[in-house]
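Generate the whole structure from the sequences, applying the supplied hints.
4 protein chains.
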Amino acid sequence: MAGSTIGRILQLTTWGESHGPALGAVLDGFPAGMEIREEMIQAYLDRRKPGQSAITTARREADRVQILSGVFEGRTTGTPISMVIHNGDQRSKDYGDLKDCFRPGHADYTYFRKYGLRDYRGGGRSSARETAARVAAGAIAVGFLSQMGIQVQAFTRAIGPVEINEEHFDPALILTLPTAMPDAEANEKALAYMKECMAAGDSSGGVIECRITGLPAGIGDPVFYKLDAALASAVMSIGAVKAVEIGDGTAAALARGSENNDAFCLDEKGRTVKKTNHAGGILGGISDGSDLILRAYIKPTPSISREQETVDEDGRPRKLFIKGRHDPVVVPRAVVVVECMAALTILDAMLVNMTARAENVLAFYS
Amino acid sequence: MAGSTIGRILQLTTWGESHGPALGAVLDGFPAGMEIREEMIQAYLDRRKPGQSAITTARREADRVQILSGVFEGRTTGTPISMVIHNGDQRSKDYGDLKDCFRPGHADYTYFRKYGLRDYRGGGRSSARETAARVAAGAIAVGFLSQMGIQVQAFTRAIGPVEINEEHFDPALILTLPTAMPDAEANEKALAYMKECMAAGDSSGGVIECRITGLPAGIGDPVFYKLDAALASAVMSIGAVKAVEIGDGTAAALARGSENNDAFCLDEKGRTVKKTNHAGGILGGISDGSDLILRAYIKPTPSISREQETVDEDGRPRKLFIKGRHDPVVVPRAVVVVECMAALTILDAMLVNMTARAENVLAFYS
Amino acid sequence: MAGSTIGRILQLTTWGESHGPALGAVLDGFPAGMEIREEMIQAYLDRRKPGQSAITTARREADRVQILSGVFEGRTTGTPISMVIHNGDQRSKDYGDLKDCFRPGHADYTYFRKYGLRDYRGGGRSSARETAARVAAGAIAVGFLSQMGIQVQAFTRAIGPVEINEEHFDPALILTLPTAMPDAEANEKALAYMKECMAAGDSSGGVIECRITGLPAGIGDPVFYKLDAALASAVMSIGAVKAVEIGDGTAAALARGSENNDAFCLDEKGRTVKKTNHAGGILGGISDGSDLILRAYIKPTPSISREQETVDEDGRPRKLFIKGRHDPVVVPRAVVVVECMAALTILDAMLVNMTARAENVLAFYS
Amino acid sequence: MAGSTIGRILQLTTWGESHGPALGAVLDGFPAGMEIREEMIQAYLDRRKPGQSAITTARREADRVQILSGVFEGRTTGTPISMVIHNGDQRSKDYGDLKDCFRPGHADYTYFRKYGLRDYRGGGRSSARETAARVAAGAIAVGFLSQMGIQVQAFTRAIGPVEINEEHFDPALILTLPTAMPDAEANEKALAYMKECMAAGDSSGGVIECRITGLPAGIGDPVFYKLDAALASAVMSIGAVKAVEIGDGTAAALARGSENNDAFCLDEKGRTVKKTNHAGGILGGISDGSDLILRAYIKPTPSISREQETVDEDGRPRKLFIKGRHDPVVVPRAVVVVECMAALTILDAMLVNMTARAENVLAFYS
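Residue numbers (our numbering), protein chains in the order written: chain W, 20 to 385; chain Z, 20 to 385; chain V, 20 to 385; chain G, 20 to 385.
Hints were generated in silico from the structure; no laboratory data involved.
There could be a bad hint or two in this list.
Any copy will do: because identical chains look the same in the list, a pair fits if it lies in one copy or spans two.
[Unchecked claim] For lysine-lysine, the following DSSO-like pairs were computed, each having C-alpha atoms within a straight-line distance of at most 27 angstroms:
hint : residue 1 : residue 2
1    : 288       : 338
2    : 342       : 214
3    : 294       : 342
4    : 68        : 214
5    : 338       : 118
6    : 118       : 294
7    : 288       : 118
Here it is, written out as structure tokens:
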């Protein structure tokens, strides 16, 4: 309830601060018997690891995950999977200047107002480092979903004004290009744009899109636990996200019903499908069998290399120049975080859904 | 967990179908001792009542609320407030044709795939009528927030391509104009646009904005229960919403850090405030004392007066012409629903927040 | 969180006061497609209905249940099942004297201290009438469990010092004898004991036992949601219960390990079973395939026909003589309540359990 | 939901197995600003540490706690407090024989049936070692409660047939005697009894009582989150507990209303108090200002030094002789666990209770 736990059957609890000794995740409710290896999780963590390109922070973190419980002889046991990532390169001294000063665009002021005190080192709990714990847990969910033929793939759709061209879409590029864009040309333009931003001591935001393919129809719950509502919450809980949309999203507000409705028809195998997918794979909060499409809009990194105006804890105006090491754009590193939050949400909904029909319950227990 | 309950301390459970005998809300955890009158709640329900203008459904529903528990001698008692609204004008026969046929853009298909059966009359549980129960509960939250100087006000920002002009903003118009726009000129244009849509047997979507003023800094919780994440979930759970944004929202993705950061400064009374409000009143998931701004993007009503292609339960292609009585645009009636979901979310976060500091707990119990 | 909702997948919310217009239950998460009839539920409500014998209150309540949602064409739809029971025979005037006076053994004082005000009519929310809502919901759970071959049967084990003799055990008597004992001789003795109590203006408590047969091994969850912990909570939440035990319960504290351990062996069909059942069907919080046995210890009704000492809201000593109409012993009417709380808890655990193994999840979605 | 998390505002998640690398606790929702030191927590852990007397297991565990998050400059920050305890003396080889064999009285069989596989080393997740994590978290709750003048004190009431004499009650002895009894004479008798049990290769159970003094009236919530229901669940979730009672508990079933009712009167300062405390400090699920009294009945340790009959995973009968190192009675070490579970439950209820009255909410935010 205090906010570090999410999910219903599959519950993720994260803990840890940017400059504390470690951070971690406890994933409870994961079904027993799945094969699991630390390398599998590590591969996901490596995707959000800092220091990988010219457009990410120079902070060096190995981000090595260690599984402390819930796995026995290479398989999940059904008990909580506890994972820890030790913090290495903590230059807390970079934050001495910020001790009593509120950085614009950060959570310093709001944490101080809520709690009366705060861990000022690198944002403490509000740091994007917290998402490493989400990725550790999400990697396990992604792995399990893939065994059911469900692929969760996020990518960078835009960095600042540079957007991908759908016609160039090449999924293989997502994991190789520094922008995590599936389009080599857009990648080049985005890098050029970032170079310009960085030269000006500035930062950029962007857009992450996530596509889930292979999801069966019928997943999600009515009313408050609609699949889109659960996804919106899970994705909006990632620090820098300022908007979430499903399918046509904001554009749907401009469309007419006759344009926005997706007609039902039969595919070549006689299965009911939608002719179009303006809905983004969800109708009435429940998956409709089409690809699930969501987009997260990310604000520009608030830590910029320019003097900024602010106020300190004692209510005095201050000029602030943030040193530290910061991502000029968090979008490429956040791609895997969106993917992981989507996967955890989808898997949780699928587990809950197993109980939706009396006939299935009776069959299970007969 | 099955989805009809939302909230942590303040928990709302709704129940009921479009064409069943009644629908209702149970609001648990509301503090004891607040004065409450059915008229207060009724006034809110009247704002979303059908049949009020040329651009809403002709279905006639009195939507009279009756309080069945939790209020004694005009005050809340701390126990669950149960409210019921009886369904009156249920022309279920309108739905006979739709019995085994999936309406495009509706939840017919997804409910059928999830549950194996469905109440086909008017969408059953997935009907927008369910939101009447949310409004009954939300009205109580709005009333309590206003006693704390917190105003929650939503309005229509756009209908299709017609958007309000901020310079014309007159809040008094929201409750009087049929579009719920705070701009008389935009209202006229929107009505003209709707007339054209309706003449073409078509429908429109739009945008609802909600502004919360007077909210103190420090409300909301870290990580998964960020105030924006909770609001995104609460608002996205309203049937037709396809995108939710906070503050500059999608536009933040295009801005640079130096533009998007809100500098802190002192106001004339020496209090820390933000110079601008790109953040929309939330930093790190916690309110920052500025106005909280959110926007919901609403899709066009899927029930249109045109022949549509679809498939039936037996997997046969069908031509469908929806009779019934439908809103050509749901935006004006959904304004109060967004307001209510925001109010419930904010009040819940404020209740949780009372326990955030050890000093406050010690003071309370000393 | 405020306490009127229980369960994880299968969630019951109850609402209503003793002397308000109605009380009710909302049961969410119940699987779709089960046949359901009001008569089935009514039969359970009739078991706890007042006015049925010389040892229950003379208050007359028809306790007619009405289903308002979640059932369509005789089957559950997967959406919340809302049920309402209107209060009829509300002689609130009986409670005028008690308006500002705290009845010993009741919740008057504690509600007043918690909320600052209270509905003084018949205990308001703390009245045992609230359990009618639990029975309405529980009846549905019992019905579904019986389709899986699981029988939940509670009975009166003791009234005051009169205990049943296991050798006389005849389950057919439970529903016919006024004490709900499965032993005609003990029933007679108990009635005689109650006659004596009532003649003295006094009341009695007793013991309810609940046996669940046919429950498969493997139901329940580790650590905090152990099946016995969930049952203890569900049963202790019934107003007058002061102790809950599983299997040998309190007696286990006196036994030695060699006596208390239940050896595993094979039954005639070669299945693993326990030779004895000191554990009461639960090991490590998970069902072991033996009968699940629990007992609830019920305190004597606090409303007695004798003058009692108390204090009023203004802190003045008072002599109190409770008029009204009260059960001299609540045990017989509480039997069905224990049964229903056990059934709801078991069914919820069974639904959660469907997700325990990866192989089952994979099979479900293949 | 999967069972490793408990609480509403104050949420404890535990993780870890008996013979894994470590176990731990994540305590979320703890108010910010409380001073905290590892030594304070360590002192509690030392009370349940093995190897401290002739009647506890010879397993040697330092049980050193390390705080990994949520504390900054010696104070809680409001974010999750993560604590880890590394497992040291893991003689997993002792468990090789038990690999495919179900120990009577343990959770081996039920975990196997639920999950299809299990960590057989020392009970894995079902081991009593899990309670170390509870104690780490509970120590923090106990410390905070004591700042509010609330003392939570548990002690051994009985070991097998040896019960304490109330007249000898000396709380100072609880922390010094090996039995955790507050009675030196009973301690001697209990040690003699245990010596006899151990000589016979047998084990014993017992009774733990917990008294909470200084708790204000008004704490707890109606219906399903009654304070006694929450305590019953929290305490029953401790592995070996087979019964929980409040106040007179099981004895209340034998009493008459005139005996069991606690009259209200005024104390010397004119405050409303109860003349007696049969209720054990809870009326209608809410604290009444008297001492809160609860008792947990503990079964004898199932690991005994005698040959036992059992069955293996392949359904073959087996003779079993458990080697390993086991507590012949877990009662003395479980005392602090009961204390901690009670403290966590009480503190959570107190946090929730801060929101019970509208006047308090208004005052907080004015």
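List of violated hint numbers, smallest to largest:
none
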